[in-house]
Structures are given as structure tokens and as C-alpha cells.
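Undergrad: Chain residues, written in single-letter form:
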Amino acid sequence: MAVDPLTLVAVTAVYLLMVIGLGYIGYKKTKEHDDYLVAGRKIHPVVLALSYGATFISTSAIVGFGGYAAYLGMGVIWLTVLNVGIGILLAFVIFGKKTREIGHRLGAVTFPDLMGKQYSSRFIQSASSVIIIIGMPLYTAAILIGGARFIETTLNVPYDSALIGFAAIVAAYVILGGLIAVMYTDALQGGIMLVGMTLLLLLTYIHLGGVVEAHTALQALSDQIPASLAAGGHTGWASMPAFASPIWLTLITSIVLGVGIGVLAQPQLIVRFMTVANTKAIHRAVAVGGPFILMMTGVAFTVGALTNVYFIKTQGQLALTAAGGNIDSIIPAYINASMPDLFVIIFMLALLAAAMSTLSSLFHTMGTAVGYDLWTVIRQERCSMRVTQIGTVVMIIASVIVAYGLPGSIIARATVMFMGLCASAFLPAYIHALYSTRPSTRAAIISLVVGAAVWFIWTAFVHLAESKPLGLSGLLFGADAVLGMPWQVVDPLVIALPLSFVALAGVLLWERIAGKSGDVPA
Amino acid sequence: MVKKLNTARCFLMFGITDIQIVIGYLLAIGFALACIVYGYVNWHNGGEDHGS
Numbered sequence: 001m002a003v004d005p006l007t008l009v010a011v012t013a014v015y016l017l018m019v020i021g022l023g024y025i026g027y028k029k030t031k032e033h034d035d036y037l038v039a040g041r042k043i044h045p046v047v048l049a050l051s052y053g054a055t056f057i058s059t060s061a062i063v064g065f066g067g068y069a070a071y072l073g074m075g076v077i078w079l080t081v082l083n084v085g086i087g088i089l090l091a092f093v094i095f096g097k098k099t100r101e102i103g104h105r106l107g108a109v110t111f112p113d114l115m116g117k118q119y120s121s122r123f124i125q126s127a128s129s130v131i132i133i134i135g136m137p138l139y140t141a142a143i144l145i146g147g148a149r150f151i152e153t154t155l156n157v158p159y160d161s162a163l164i165g166f167a168a169i170v171a172a173y174v175i176l177g178g179l180i181a182v183m184y185t186d187a188l189q190g191g192i193m194l195v196g197m198t199l200l201l202l203l204t205y206i207h208l209g210g211v212v213e214a215h216t217a218l219q220a221l222s223d224q225i226p227a228s229l230a231a232g233g234h235t236g237w238a239s240m241p242a243f244a245s246p247i248w249l250t251l252i253t254s255i256v257l258g259v260g261i262g263v264l265a266q267p268q269l270i271v272r273f274m275t276v277a278n279t280k281a282i283h284r285a286v287a288v289g290g291p292f293i294l295m296m297t298g299v300a301f302t303v304g305a306l307t308n309v310y311f312i313k314t315q316g317q318l319a320l321t322a323a324g325g326n327i328d329s330i331i332p333a334y335i336n337a338s339m340p341d342l343f344v345i346i347f348m349l350a351l352l353a354a355a356m357s358t359l360s361s362l363f364h365t366m367g368t369a370v371g372y373d374l375w376t377v378i379r380q381e382r383c384s385m386r387v388t389q390i391g392t393v394v395m396i397i398a399s400v401i402v403a404y405g406l407p408g409s410i411i412a413r414a415t416v417m418f419m420g421l422c423a424s425a426f427l428p429a430y431i432h433a434l435y436s437t438r439p440s441t442r443a444a445i446i447s448l449v450v451g452a453a454v455w456f457i458w459t460a461f462v463h464l465a466e467s468k469p470l471g472l473s474g475l476l477f478g479a480d481a482v483l484g485m486p487w488q489v490v491d492p493l494v495i496a497l498p499l500s501f502v503a504l505a506g507v508l509l510w511e512r513i514a515g516k517s518g519d520v521p522a
Numbered sequence: 523m524v525k526k527l528n529t530a531r532c533f534l535m536f537g538i539t540d541i542q543i544v545i546g547y548l549l550a551i552g553f554a555l556a557c558i559v560y561g562y563v564n565w566h567n568g569g570e571d572h573g574s
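Chains as they are written, first to last, in the working numbering: chain A, 1 to 522; chain B, 523 to 574.
No lab work stands behind these hints: they were computed from the structure. No false leads were mixed into what you were given.
Cβ-Cβ distance ranges computed for the label pairs, FRET-style:
{"#": "1", "chain 1": "A", "residue 1": "Ser222", "chain 2": "B", "residue 2": "Ile551", "range": "22 to 28 angstroms"}
{"#": "2", "chain 1": "B", "residue 1": "Gly552", "chain 2": "A", "residue 2": "Gly474", "range": "44 to 50 angstroms"}
{"#": "3", "chain 1": "A", "residue 1": "Leu475", "chain 2": "B", "residue 2": "Ile551", "range": "47 to 53 angstroms"}
{"#": "4", "chain 1": "A", "residue 1": "Glu381", "chain 2": "B", "residue 2": "Ile541", "range": "55 to 61 angstroms"}
{"#": "5", "chain 1": "B", "residue 1": "Gln542", "chain 2": "A", "residue 2": "Ser228", "range": "21 to 27 angstroms"}
Being a predicted model, the structure only gives us computed values, none of them experimental. Cβ coordinates follow ideal geometry from the N, Cα and C atoms, glycine included.
Turn these sequences into a full structure, and let the hints guide you.
TA: See the structure below:
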């Protein structure tokens with residue numbers, strides 16, 4: 001890239017110093033275990049909103065899904081609709097306020113702890129933490145890979161050193177400063193991301209001759225759709241794919257619904273509702289969070305699609321081809337090729353910030369799942385902060401190991417998988433926990449088990465994007481997927497989540513008819 | 523006349539003519555505005571609640 005390496009290193013160093021400074025403040029403010037786990041329940045609403053948003057929006061949303069917008073077109077904007085409408089408005093107003101209230105009342109400090117206490121069930125607490133421990137390293141590893149690849153290409157650091165160094169820096173402030181350090185650094189990183197994405201949108205439209213001109217040029221590219229994409233239902237980059245075509249099904253079920261609904265049951269986001277002192281903070285955070293998420297995902301998806309106009313104009317080829325066939329490389333390739341040096345630095349910082357903010361939250365959530373939830377269940381005693389810190393170290397090491405085993409173009413896919421798993425397993429039981437006066441433990445357990453099991457079966461044996469690389473279906477049945485089209489492109493969430501709801505409702509109905517209590521032994 | 527109408531239509535939708543995409547953008551912006559309005563209207567509500 002053309003940017004002066006010395007300037008880039010200097011700016012990155014200043015940014016890292018600021019992160020370390022905030023991490024140190026978090027460390028100094030962390031006196032008790034509750035400070036480490038729920039930031040002392042005293043977080044400012046703006047910090048809550050930016051931290052929630054920055055954790056929500058990882059490199060995945062900007063680079064991964066921005067790349068998908070370059071590949072599939074502006075239809076990905078429907079994910080922004082769900083991100084803002086469900087991910088912020090519904091999540092904060094319907095779920096956030098109740099979660100905070102119940103979390104405070106029960107003294108819950110993590111998502112599994114909240115579920116376990118509300119249902120008075122150690123099984124639910126341990127099962128929730130096990131799902132986090134098994135599923136979250138995949139998502140974490142994808143974020144790590146994205147960050148390490150970015151550091152490798154921009155700072156010319158060898159990949160292995162970049163991966164280890166990146167994980168180590170984030171690990172340092174998560175382990176020492178707990179959730180206060182995580183949320184303070186998230187807020188800084190969210191601010192950088194907002195600046196970066198705003199500039200990206202403005203410069204892209206300036207570059208392409210204006211808003212109407214850019215969109216008109218994008219529409220005009222519909223005669224350049226590759227035959228394979230056209231056969232799959234692609235109709236152009238400024239229009240939706242053909243209804244019910246394989247590309248439409250992938251876009252709607254995996255990307256829009258998978259992530260749009262999946263966000264409601266993300267343990268690392270839910271815990272943030274328990275970090276504020278009152279409902280007023282949640283109300284105020286909504287006003288900041290909505291526009292923030294619009295600017296993050298809306299810009300990424302719009303610019304992603306428009307990269308095709310830029311690459312056709314300058315190189316005579318579509319964005320995916322210009323990026324060497326790797327969806328995850330489209331946005332970085334566009335930035336490097338089209339933007340002024342100063343902006344390249346700002347945007348690279350924004351990407352680094354996006355990766356670090358999500359990574360720190362995932363490290364913290366995985367660490368508390370091992371070092372608090374599992375420990376509490378196994379030892380049947382409240383653990384110390386040191387145990388939680390050791391749990392965090394263990395999960396960070398596990399995530400780094402997983403990162404070495406994942407293939408390319410994985411960022412968006414791993415995000416969809418983790419969000420799908422969380423929604424399928426947790427969402428019905430989480431809603432029931434929040435809104436039932438006497439939540440049924442039996443119904444919650446069955447819903448959780450059905451959601452997780454169906455999600456896994458569909459992932460391993462039907463959904464081709466995962467069943468083929470996993471190889472279980474091929475090994476047991478001699479075929480990459482046991483069902484044909486269109487089921488092979490229907491996301492596991494679309495099947496598993498409704499079944500999880502049906503299981504919950506079915507058990508509740510049975511309990512009512514049979515006059516049974518929903519209580520089961522803890 | 524038809525050309526004028528088409529130009530106006532393109533301009534109104536910022537050059538995007540697929541109604542599904544246009545609705546997507548309008549809803550995304552609308553929800554973000556709803557968040558601002560909700561936060562503003564409830565800015566002082568809920569301060570007394572400490573959840574215990």
C-alpha cells in the first residue's frame with residue numbers, strides 16, 4: 001500500500017497507547033468481582049450504547065458482510081433494517097430493560113448466571129456456559145483471523161506474530177481490567193469506527209460522482225452479472241435477487257435472518273444490559289445506538305455494493321475478481337486502491353478498533369463462562385476474580401488454537417453460525433425467562449436442548465456451506481448433504497429456532513393440561 | 523413526459539429503482555430515527571428504578 005509506513009505505525013502506536021490507558025483505568029477501577037463481571041453496574045449510557053454497538057459490529061459486519069454486499073448487492077441492506085429495528089430498538093426496549101431489572105434483582109452477573117438464577121437451574125446455567133465455551137471460540141477465532149490478516153497486510157508483520165500479538169494486547173486489558181476496561185475501550189473504538197465509516201461513505205460518493213450517479217452506475221452493471229450468479233438468481237447489485245432463488249434464500253435466511261435475529265440472544269451483548277444502574281440509561285443508550293448501527297452496517301453494505309462500480313471503472317472487472325476471489329478482501333482492496341493515504345490510516349484504525357472491541361467482549365464472555373459459571377456450578381461456591389481471570393486466559397489460548405485451524409473467507413460465515421446457534425438455543429428460553437411470572441424450567445431445558453440439537457444436525461447434515469467442509473454427512477451418509485435443494489441453502493436458524501419455540505410452547509401447554517409444575521430439581 | 527417522470531422517479535429514490543431496496547433503506551433510516559425519538563421522549567424516565 002502507498003501509505004507511509006512510519007506514519008501508520010505512529011498512529012497505530014498512539015491508538016494502542018490510548019487503549020492501554022483506558023485498560024489501565026479499568027484495572028484501577030476494578031476492585032471487586034462485580035466490577036470485573038458487570039462493570040460495577042455503573043456504566044454511562046453513551047458508553048453502554050457505543051460498547052454494545054462496537055461489540056455488535058466486528059470486522060465481520062464491515063469487511064465480511066461489506067464483502068457480501070459487493071458479491072450479492074444492496075439487498076444486504078435488509079440486514080441493517082433488522083440490526084437497527086431488532087438489534088437495537090427491540091433488544092433494548094423489550095429485552096434490555098427487563099434483563100437489567102431481573103439481573104439486578106437476582107444479582108446475576110453473566111448471561112448463564114441470569115438464566116440459571118431465573119430458572120433456579122444449575123443445568124441451564126452450565127448448559128448455557130457450555131454452548132458459549134464450544135461455540136464462541138469459532139466466532140472469536142474468525143475475528144482474530146480478520147484482525148491478524150489486517151495487521152499482516154498493513155503493518156507488514158508476519159501472520160503468526162500478528163495473530164499472537166493481537167490476541168495478547170487485547171487479552172492484557174481484558175484479563176486485568178475486566179468489563180470496565182472492555183467497555184471503556186469499546187467506547188473509544190466505537191468513536192473511531194463512527195468517524196471511519198462516515199468518511200468512507202462521503203468519500204465513496206464523491207469518488208463516484210454523487211449519490212444518484214453512483215447508484216445509477218451500479219444499476220447499469222446488471223448486464224455484467226456472471227452466468228453462475230445469474231443462474232443462482234442474481235439480478236443486479238442495486239436490486240434484490242429473484243424471489244426464492246438459491247441466492248435469495250442465502251441472503252434472507254443466512255445473512256438477514258441469521259444475524260438479524262441471532263443478535264437478540266448474544267451473551268456478550270445481553271450482559272451489557274446489566275451494567276447500567278437504571279432504566280433511564282437504557283432509554284438514553286437507544287438514542288445513540290440506533291444511529292450508530294445504521295452508520296456502521298448501512299455504510300458498509302452500501303459501499304460494499306458500490307465497490308463494483310469503482311472496480312469496473314478503474315480496472316474493468318467486478319469487485320470480487322479484483323479482490324482475487326476472496327470476499328473478505330474486497331473492502332480492504334477497495335480502501336487501498338481508492339482512498340487518500342490519511343483515510344486509509346483512519347479506516348485501518350477503524351477496522352482494528354472493530355476487531356478489538358468485539359474480541360475483547362468475546363474473551364470476557366468466554367472467560368466468565370468458564371471461570372465463573374462452570375466453576376460456580378461445579379464447585380457450588382462463588383468463585384474469586386482470580387479464577388475468572390484464569391478462565392479467560394484458558395479460553396483465549398483455545399481461541400488462538402482454533403484460529404490456526406480455520407479456512408479462508410470464514411469471517412461472515414463464522415458470525416452467522418455463532419449467532420444462529422445462540423438464537424436457536426437461547427432465544428425462546430430467554431424470552432420466557434424475562435416475561436413469564438413463573439417460568440417453567442422444564443420447558444426452558446427442552447427448548448434449549450431442541451434448539452441446539454436441531455441447529456447442529458442441520459448444520460452438519462443439511463446446510464451445504466457447513467456440512468461439506470465438516471465432512472460428517474459425507475462420512476456417515478456418503479453425501480455432502482442429506483437433503484436436496486432448496487433445503488441445502490436454508491440456514492439452520494430458520495429450522496432450529498421455530499422448533500425451539502414449538503418445544504417451549506408444547507411443554508408449557510402439556511404442563512397446563514396435565515396440571516404439572518414447571519419446576520425440576522436444580 | 524415519460525422521460526421526465528422516470529428522471530423524477532430515479533431522483534426521488536436516489537437512483538435506485540428496485541422498490542424492495544428502497545423500502546429497505548427507508549426502514550433502516552426510519553428505525554434509526556425511531557431510536558432517537560424513543561431516547562429523546564424517555565430521556566428522563568426510569569431514573570428512580572434501581573431494580574431491587
